[in-house]
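Number of protein chains: 2
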Amino acid sequence: MQRYFAKETINDEYSLPKEMYKHAIKVMRMSEGDEFELVDNNQSVFLMELVLVENNTATARKVKEITKNVELPIDVTIACGISKGDKAEFIVQKATEMGVKKIIFFNGDYSVAKWDEKRQKKKIERLSKVAQSASEQSHRNFIPEVEYASKLSSIDFSKYDTKLVAYEESAKQGEKSTLYQILNGKIENMIAIFGPEGGISPNEIQMLLQKDCKLAGLGPRIMRAETAPLYLLSSISFAKELS
Amino acid sequence: MQRYFAKETINDEYSLPKEMYKHAIKVMRMSEGDEFELVDNNQSVFLMELVLVENNTATARKVKEITKNVELPIDVTIACGISKGDKAEFIVQKATEMGVKKIIFFNGDYSVAKWDEKRQKKKIERLSKVAQSASEQSHRNFIPEVEYASKLSSIDFSKYDTKLVAYEESAKQGEKSTLYQILNGKIENMIAIFGPEGGISPNEIQMLLQKDCKLAGLGPRIMRAETAPLYLLSSISFAKELS
Chain P
1 MQRYFAKETI
11 NDEYSLPKEM
21 YKHAIKVMRM
31 SEGDEFELVD
41 NNQSVFLMEL
51 VLVENNTATA
61 RKVKEITKNV
71 ELPIDVTIAC
81 GISKGDKAEF
91 IVQKATEMGV
101 KKIIFFNGDY
111 SVAKWDEKRQ
121 KKKIERLSKV
131 AQSASEQSHR
141 NFIPEVEYAS
151 KLSSIDFSKY
161 DTKLVAYEES
171 AKQGEKSTLY
181 QILNGKIENM
191 IAIFGPEGGI
201 SPNEIQMLLQ
211 KDCKLAGLGP
221 RIMRAETAPL
231 YLLSSISFAK
241 ELS
Chain B
1 MQRYFAKETI
11 NDEYSLPKEM
21 YKHAIKVMRM
31 SEGDEFELVD
41 NNQSVFLMEL
51 VLVENNTATA
61 RKVKEITKNV
71 ELPIDVTIAC
81 GISKGDKAEF
91 IVQKATEMGV
101 KKIIFFNGDY
111 SVAKWDEKRQ
121 KKKIERLSKV
131 AQSASEQSHR
141 NFIPEVEYAS
151 KLSSIDFSKY
161 DTKLVAYEES
171 AKQGEKSTLY
181 QILNGKIENM
191 IAIFGPEGGI
201 SPNEIQMLLQ
211 KDCKLAGLGP
221 RIMRAETAPL
231 YLLSSISFAK
241 ELS
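Residue numbers (this note's numbering), protein chains in the order written: chain P, 1 to 243; chain B, 1 to 243.
Next comes chain P alone, as it looks inside the complex (with noise of 0.2 Å):
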């Protein structure tokens, strides 16, 4: 069933607002009697029935709150070196269906494509609908929040609880026990780190290790730095969310 995000506490009459309308009666082609799931702005969701549709305007009605959940036990950061072409776009995507709490682009030392003040904005703007849609698609209760970071260092490490670096130097040495332990153990909120495609500079690393980031081998292959990211939210899912 179609889901929606709202951006307000839902009443028991809900008036489509005009991105809505044209997705649902446009493209859609629901009509009156026709049901939709509705997230409001404290993550509650309602089964909605359409009542009304008229003149470009649509009413819906609460029929029932549904109480499943499907977000992930813990919270999920995950921060990933601005790579080139649409690689943004896919891991907002992917990470969403995943279950990524948020996303932090930055431009890493090693970033072949760097986004300026300027052209982030635009670049989140987009992202921040991908991050909608596919959270609607994948019937989230949240929509992921997409940030801008103008280097590593800017990022406020200090609110997570584990904090781990996806380090290709450790995959090829064989480290294969840090991410292991750390799901075997109690975690709130996470955040794991992701350089770009030319990977992370020593400085970079020297700051994380700084911070008490954990270098961890992400297995033996050597994933592109799209894929890393689907990798750990996967591993957290299934060390997590399957028994």
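Just so you know, the hints here were simulated from the structure itself, not pulled from any lab data. Treat the hints loosely; a few may be bogus.
Each pair of labels, with its calculated beta carbon distance range [stated by the list, open to error]: (1) P:57 - B:133: 49 to 55 Å; (2) P:69 - B:7: 49 to 55 Å; (3) B:186 - P:209: 35 to 41 Å; (4) B:202 - P:133: 42 to 48 Å; (5) P:125 - B:57: 48 to 54 Å; (6) P:125 - B:69: 43 to 49 Å; (7) P:125 - B:114: 55 to 61 Å; (8) B:172 - P:27: 23 to 29 Å; (9) B:207 - P:28: 30 to 36 Å; (10) P:35 - B:114: 27 to 33 Å; (11) B:62 - P:27: 58 to 64 Å.
Keeping only pairs whose Cα atoms sit at most 25 Å apart, straight-line, the calculated DSS-like set for lysine-lysine is [said to hold, decoys possible]: (12) B:172 - P:87; (13) B:240 - P:186; (14) P:129 - B:84; (15) P:101 - B:186; (16) B:101 - P:172; (17) B:129 - P:176; (18) P:240 - B:26; (19) P:176 - B:101; (20) P:129 - B:87; (21) B:129 - B:84; (22) P:87 - B:87; (23) P:7 - P:172; (24) P:151 - P:214; (25) P:186 - B:87; (26) B:129 - B:26; (27) B:240 - P:172; (28) P:26 - B:84; (29) B:84 - P:87; (30) B:159 - B:186; (31) B:84 - B:172; (32) B:172 - P:68.
Calculated from the model, a selection of chain B residues having no Cβ within reach of chain P, i.e. all distances over 12 Å [what the hints assert, rightly or not]: (33) 47; (34) 57; (35) 107; (36) 149; (37) 202; (38) 212; (39) 242.
Predicted model, so just to flag it, every value in this text is computed and none were measured. Backbone N, C-alpha and C fix where the C-beta goes; we use that ideal spot for every residue, glycine too.
Could you slot chain B onto chain P? The hints should help.
Same frame as chain P, now just chain B:
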């Protein structure tokens, strides 16, 4: 370091075939003294040094054998329903990075796009090249095979000791123990079936159950057809390669 795959057994000297020559000398601009890695038809890997480059030919010499093996400890085949667009390329590239052994694309009952006999040949050729290039990039010892099945029931399921279906209905009903239990057991070779965008039909499910396939949920979120195989492969690596 650049890695290539040879079709033959490597003697002390190796003359680069046309495509490898083009990539190594023209694209990567390698010259005499430069080194690369070469995997032979027995999955042995050698460090090679270019000793002679002249007149559109290049010869390399064996420096030493590289014994590192990055293959998954179990053979995993994924069978994916044919989906629209370039999703097949995406699946082949990412699943190769994540260690898959074989990928079968099948026309599902609910496939919106289907490949006929004529089209499939070109598709499989193209996808095999994607697999080769991703294997080079991720330093695999093996290029995954890419195959076509005109329908799901024409796949030979008898040769796998573990058979799993990623089934959205199972996920919706909160099924969360099958994959965990399977990966905690002993596996030599596994096949996992993923539906196309439209899902797996009741007839297909019935056939799969008769073949002893187990229905498994891959976490509570709805993933796109091309994302679910990556969840599975990451989980296998996490469960079997990390500790």
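Each hint, compared with the structure:
1. P:57 - B:133: 49 to 55 Å: Check passed, 52 Å falls within 49 to 55 Å.
2. P:69 - B:7: 49 to 55 Å: Holds: the Cβ-Cβ distance is about 52 Å, inside 49 to 55 Å.
3. B:186 - P:209: 35 to 41 Å: 38 Å, holds
4. B:202 - P:133: 42 to 48 Å: 29 Å, violated
5. P:125 - B:57: 48 to 54 Å: For residue 57 of chain B against residue 125 of chain P, whose Cβ atoms are near 53 Å apart, the range 48 to 54 Å holds.
6. P:125 - B:69: 43 to 49 Å: 45 Å, holds
7. P:125 - B:114: 55 to 61 Å: 38 Å, violated
8. B:172 - P:27: 23 to 29 Å: 24 Å Cβ-Cβ, so the 23 to 29 Å window holds.
9. B:207 - P:28: 30 to 36 Å: 32 Å, holds
10. P:35 - B:114: 27 to 33 Å: 31 Å, holds
11. B:62 - P:27: 58 to 64 Å: 60 Å, holds
12. B:172 - P:87: At roughly 30 Å apart (the allowed maximum being 25 Å), residue 87 of chain P and residue 172 of chain B break the hint.
13. B:240 - P:186: 21 Å, holds
14. P:129 - B:84: 22 Å, holds
15. P:101 - B:186: Distance ~34 Å between residue 101 of chain P and residue 186 of chain B Cα, so the pair is violated.
16. B:101 - P:172: At roughly 21 Å apart (the allowed maximum being 25 Å), residue 172 of chain P and residue 101 of chain B satisfy the hint.
17. B:129 - P:176: Violated. Residue 129 of chain B to residue 176 of chain P sits at ~30 Å, over the 25 Å cutoff.
18. P:240 - B:26: Answer violated: residue 240 of chain P to residue 26 of chain B is near 48 Å, above 25 Å.
19. P:176 - B:101: It holds: about 22 Å lies between the C-alpha atoms, which stays within 25 Å.
20. P:129 - B:87: 21 Å, holds
21. B:129 - B:84: Answer holds: residue 129 of chain B to residue 84 of chain B is near 20 Å, not above 25 Å.
22. P:87 - B:87: Roughly 15 Å between the alpha carbons, so the hint for residue 87 of chain P and residue 87 of chain B holds.
23. P:7 - P:172: Cα-Cα ~46 Å, so violated.
24. P:151 - P:214: The given pair, whose Cα atoms are some 19 Å apart, holds under the 25 Å limit.
25. P:186 - B:87: Not satisfied, since the Cα-Cα distance of roughly 36 Å exceeds 25 Å.
26. B:129 - B:26: Judged against 25 Å, a Cα distance of about 19 Å means the pair holds.
27. B:240 - P:172: OK: residue 240 of chain B and residue 172 of chain P at ~17 Å, within 25 Å.
28. P:26 - B:84: 23 Å, holds
29. B:84 - P:87: It holds: about 20 Å lies between the C-alpha atoms, which stays within 25 Å.
30. B:159 - B:186: Status holds; Cα separation ~16 Å.
31. B:84 - B:172: Holds, at about 24 Å.
32. B:172 - P:68: Holds - the C-alpha atoms of residue 68 of chain P and residue 172 of chain B are around 10 Å apart, at most 25 Å.
33. 47: 15 Å, holds
34. 57: Holds: least Cβ distance 30 Å, greater than 12 Å.
35. 107: Fine: 24 Å to the nearest Cβ keeps residue 107 of chain B off the interface.
36. 149: Per Cβ check, residue 149 of chain B is outside 12 Å of chain P; nearest 26 Å; holds.
37. 202: 20 Å, holds
38. 212: 21 Å, holds
39. 242: With a cut-off of 12 Å, residue 242 of chain B comes too close to chain P, as the shortest Cβ separation is near 4 Å.
Hint check: violations occur at hints 4, 7, 12, 15, 17, 18, 23, 25 and 39; the rest are consistent with the structure.
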